[in-house]
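Protein chains: 2
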Amino acid sequence: MSAPDVSPLRLGIAGLGTVGIGVVKIVQRHADLLSVRSGRPVVITAVSARDRTKNRDADLSGYAWESDPVALAQRDDIDVFVELMGGHEGAAKDAMEAALNSGKDVVTANKALLAHHGQQLAESAEALGRVIRFEAAVAGGIPVIKALTEGLSGNAIRRVMGVMNGTCNYILTRMESAGLPYETVFEEARALGYLEADPTLDVGGIDAGHKLAILAAIAFGTKVSFDAVQLEGIGKISIDDIRRADDMGYKIKLLGVAQITGRGLEQRMMPCLVPSSSPFGQLQGGTNMVLLEGDSVGQIVLRGAGAGEGPTASAVMGDVVDLARGLRMPTFGQPAATLADPVPAVASAPAAYYLRLELMDKPGALAKVAMVLGEAGISISRMRQYGHADTTAPVLIVTHKTTRDAIDRAIGGFPATGVVAGDAVAMRIEEV
Amino acid sequence: MSAPDVSPLRLGIAGLGTVGIGVVKIVQRHADLLSVRSGRPVVITAVSARDRTKNRDADLSGYAWESDPVALAQRDDIDVFVELMGGHEGAAKDAMEAALNSGKDVVTANKALLAHHGQQLAESAEALGRVIRFEAAVAGGIPVIKALTEGLSGNAIRRVMGVMNGTCNYILTRMESAGLPYETVFEEARALGYLEADPTLDVGGIDAGHKLAILAAIAFGTKVSFDAVQLEGIGKISIDDIRRADDMGYKIKLLGVAQITGRGLEQRMMPCLVPSSSPFGQLQGGTNMVLLEGDSVGQIVLRGAGAGEGPTASAVMGDVVDLARGLRMPTFGQPAATLADPVPAVASAPAAYYLRLELMDKPGALAKVAMVLGEAGISISRMRQYGHADTTAPVLIVTHKTTRDAIDRAIGGFPATGVVAGDAVAMRIEEV
Numbered sequence: 003m004s005a006p007d008v009s010p011l012r013l014g015i016a017g018l019g020t021v022g023i024g025v026v027k028i029v030q031r032h033a034d035l036l037s038v039r040s041g042r043p044v045v046i047t048a049v050s051a052r053d054r055t056k057n058r059d060a061d062l063s064g065y066a067w068e069s070d071p072v073a074l075a076q077r078d079d080i081d082v083f084v085e086l087m088g089g090h091e092g093a094a095k096d097a098m099e100a101a102l103n104s105g106k107d108v109v110t111a112n113k114a115l116l117a118h119h120g121q122q123l124a125e126s127a128e129a130l131g132r133v134i135r136f137e138a139a140v141a142g143g144i145p146v147i148k149a150l151t152e153g154l155s156g157n158a159i160r161r162v163m164g165v166m167n168g169t170c171n172y173i174l175t176r177m178e179s180a181g182l183p184y185e186t187v188f189e190e191a192r193a194l195g196y197l198e199a200d201p202t203l204d205v206g207g208i209d210a211g212h213k214l215a216i217l218a219a220i221a222f223g224t225k226v227s228f229d230a231v232q233l234e235g236i237g238k239i240s241i242d243d244i245r246r247a248d249d250m251g252y253k254i255k256l257l258g259v260a261q262i263t264g265r266g267l268e269q270r271m272m273p274c275l276v277p278s279s280s281p282f283g284q285l286q287g288g289t290n291m292v293l294l295e296g297d298s299v300g301q302i303v304l305r306g307a308g309a310g311e312g313p314t315a316s317a318v319m320g321d322v323v324d325l326a327r328g329l330r331m332p333t334f335g336q337p338a339a340t341l342a343d344p345v346p347a348v349a350s351a352p353a354a355y356y357l358r359l360e361l362m363d364k365p366g367a368l369a370k371v372a373m374v375l376g377e378a379g380i381s382i383s384r385m386r387q388y389g390h391a392d393t394t395a396p397v398l399i400v401t402h403k404t405t406r407d408a409i410d411r412a413i414g415g416f417p418a419t420g421v422v423a424g425d426a427v428a429m430r431i432e433e434v
Numbered sequence: 003m004s005a006p007d008v009s010p011l012r013l014g015i016a017g018l019g020t021v022g023i024g025v026v027k028i029v030q031r032h033a034d035l036l037s038v039r040s041g042r043p044v045v046i047t048a049v050s051a052r053d054r055t056k057n058r059d060a061d062l063s064g065y066a067w068e069s070d071p072v073a074l075a076q077r078d079d080i081d082v083f084v085e086l087m088g089g090h091e092g093a094a095k096d097a098m099e100a101a102l103n104s105g106k107d108v109v110t111a112n113k114a115l116l117a118h119h120g121q122q123l124a125e126s127a128e129a130l131g132r133v134i135r136f137e138a139a140v141a142g143g144i145p146v147i148k149a150l151t152e153g154l155s156g157n158a159i160r161r162v163m164g165v166m167n168g169t170c171n172y173i174l175t176r177m178e179s180a181g182l183p184y185e186t187v188f189e190e191a192r193a194l195g196y197l198e199a200d201p202t203l204d205v206g207g208i209d210a211g212h213k214l215a216i217l218a219a220i221a222f223g224t225k226v227s228f229d230a231v232q233l234e235g236i237g238k239i240s241i242d243d244i245r246r247a248d249d250m251g252y253k254i255k256l257l258g259v260a261q262i263t264g265r266g267l268e269q270r271m272m273p274c275l276v277p278s279s280s281p282f283g284q285l286q287g288g289t290n291m292v293l294l295e296g297d298s299v300g301q302i303v304l305r306g307a308g309a310g311e312g313p314t315a316s317a318v319m320g321d322v323v324d325l326a327r328g329l330r331m332p333t334f335g336q337p338a339a340t341l342a343d344p345v346p347a348v349a350s351a352p353a354a355y356y357l358r359l360e361l362m363d364k365p366g367a368l369a370k371v372a373m374v375l376g377e378a379g380i381s382i383s384r385m386r387q388y389g390h391a392d393t394t395a396p397v398l399i400v401t402h403k404t405t406r407d408a409i410d411r412a413i414g415g416f417p418a419t420g421v422v423a424g425d426a427v428a429m430r431i432e433e434v
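Residue numbers (this note's numbering), protein chains in the order written: chain B, 3 to 434; chain U, 3 to 434.
Simulated from the structure, these hints should not be mistaken for laboratory data.
Keep in mind that this is a model prediction, so the values were computed, not measured.
Don't be surprised by glycine CBs; every beta carbon is placed ideally from N, CA and C.
Among the hints, a few may not be true.
To be verified - If we take Cβ atoms under 10 Å as the criterion, some of the chain U residues that face chain B in the derived model are:
hint, residue
1, 24
2, 31
3, 32
4, 149
5, 155
6, 299
7, 316
8, 328
9, 332
10, 335
11, 340
So here's chain B without its partners, still in its complex pose:
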């Protein structure tokens, strides 16, 4: 406000896929709005992408073209390098480092890069006096990085939870609503273009795990540590479990949880059960939801589109306007040197568990299962046995709070009873 910088903020955009073109469209459509809000014009100077000849849904004729993103990052006529290429090695990393080294601030949507190299990049940026912003990397259009890093900066954060991969949530809610098996809905999602080129990134929970690791670093002031995230994908979830869980009043979600307890830092991204009536339980389709829990603010829940051209470009532009307004802060909200080495929790906090097993039609079968659970120190909160199909009957058990260790001991003990067919399924029930 005193002596503001009113020169244009000049963007160089690397990557002209859906999100990159979305950013171009916003800059072109909302030049006046961006200028009045930023206090200075926001312009695009140069762009880069792999294929110049590809037909794109935007007029790029006014921008210089670079085929090499590193060359784009080093141009003298850009102030901010907007990295929308993706990938955690190679071109994206090289170009971002080149941008920082040549005095550019960076806006990125690249969760993989930050999850793998966030600490190093944050240290580089600070040493060079540059800023990295990455709202678009987590939960698409939802301004969750801003809410956590800035809005809730007066709180000790207790817990962060989120459904942050829209494709997985789409698959799970579609399985339920259409009564279709995982494999069928997976192929549908692929045909609709909902899946990454490597679908394991989505359905293996990796993409969502990247996002969780980034949120945890900000929340707890720890170095981003994706390798310490307990990851489990949705590929083993059966339509049976979705239906049985629903009978017991739960939905199955790929839910990420990060919290610090006496045990250390827990980060897990895995399918778990949440009450059907909870905000997470009611989340349908590709929508994302994040819960932030602070010691003063209590629980804040944010919901919105987690992907797509408009929402992701909106997040990128929020960062761009922040930079145009002169906002400067360390990458993860505090100096990189002050981020602690996290102590990964050796075990998850206790929780209730959902168990599904197939009981053989033998006298005393249920008693034998109950005894195994009792010996593992697990007490039963609710149990439901269904009618027999052929020679086995599904049995659902909701336990009282117990540990994953105890659950694994019990599951290990079932075969010796001679009354449990196949493998038991166990899923954590998350309190939300």
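Model the placement of chain U on the given structure of chain B, informed by the hints.
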């Protein structure tokens, strides 16, 4: 980051009620956290309140005491004046102006002051090179001002909606769950300390209207214009309407809506019906919820505690850390001089309406009502007639989209039919 200001940021806190003490506690409890996040210490230098002798749940011995908030605002040893007194005239306004005039930035939770004098204060602040932040003024702990002003700055905002008075939502949900009439629950809320000293601020929709006017100014780049908010409180809502609406699949909420249409700027804060299954419909008790709709991001929904010591103090501290980090921007997100004079809409956008009337037990009664509606140009989507109690029977009508004018014409025509007892109740059904 380059040549950062590492001197302590010194706060002067005016008003030591619930929120003021909440702020003191956070500054004391989280000195290290605030320092590492802000890049500099955050300290309290001086405080002021009406009664120095009052027993407060915090150690204030380390702070200078001023009995006059204007004197506090003018002290040389504060950088930020934290205004938590409330009220839109008198001491709060005088002190805030004194703070700006003596070179202080301001953080406030005062929605009434901003709703009434926001434009003038924004102009003063900018002329003096000072910053006013007010996250705590709207929706308590939810960082909605930040989300709208910063996170969604790349969007043309289409609509803002919100349940932003927790007391009203508490009363409405308690009426429903306990089956109690308005007057009883109102007295309960008063006994629980949920109501302002002047309860009309809450139940008359004024407090929520203040918040809506502030959001509208940011969303649409218009001068804050509280006088143009259509205000209607919850005092006339009967338990009957709550039950009947529920039968039809709706909940009644004191919901604020601001949008710009071809008709101009609409701002309304009034009871209306929302689908029971919608996020707003499911909102229980004192929780707040705000929906922000942008042209790129789509709908973002934020939920959290709208009042109380912790949540409101959390919002205040978010603003304080922003200032400590060096964030500076105009009050409403763009220069005050660029805020347009809003053209208030002469009529609300068309909507479906809920109508409840008492039909007399006479032949052809329903036909007469239907004829009045038809003559007003209103078509019926759903109608439900209940059994007679004595000589009248409740009739519920959900109309297709129509105008408030048409609804008022129909209501004006009912008496002449001779078959409608008492006054018909009409409420807008909001699409969410």
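Against which earlier hints does the structure fall short, listed by number upward? none
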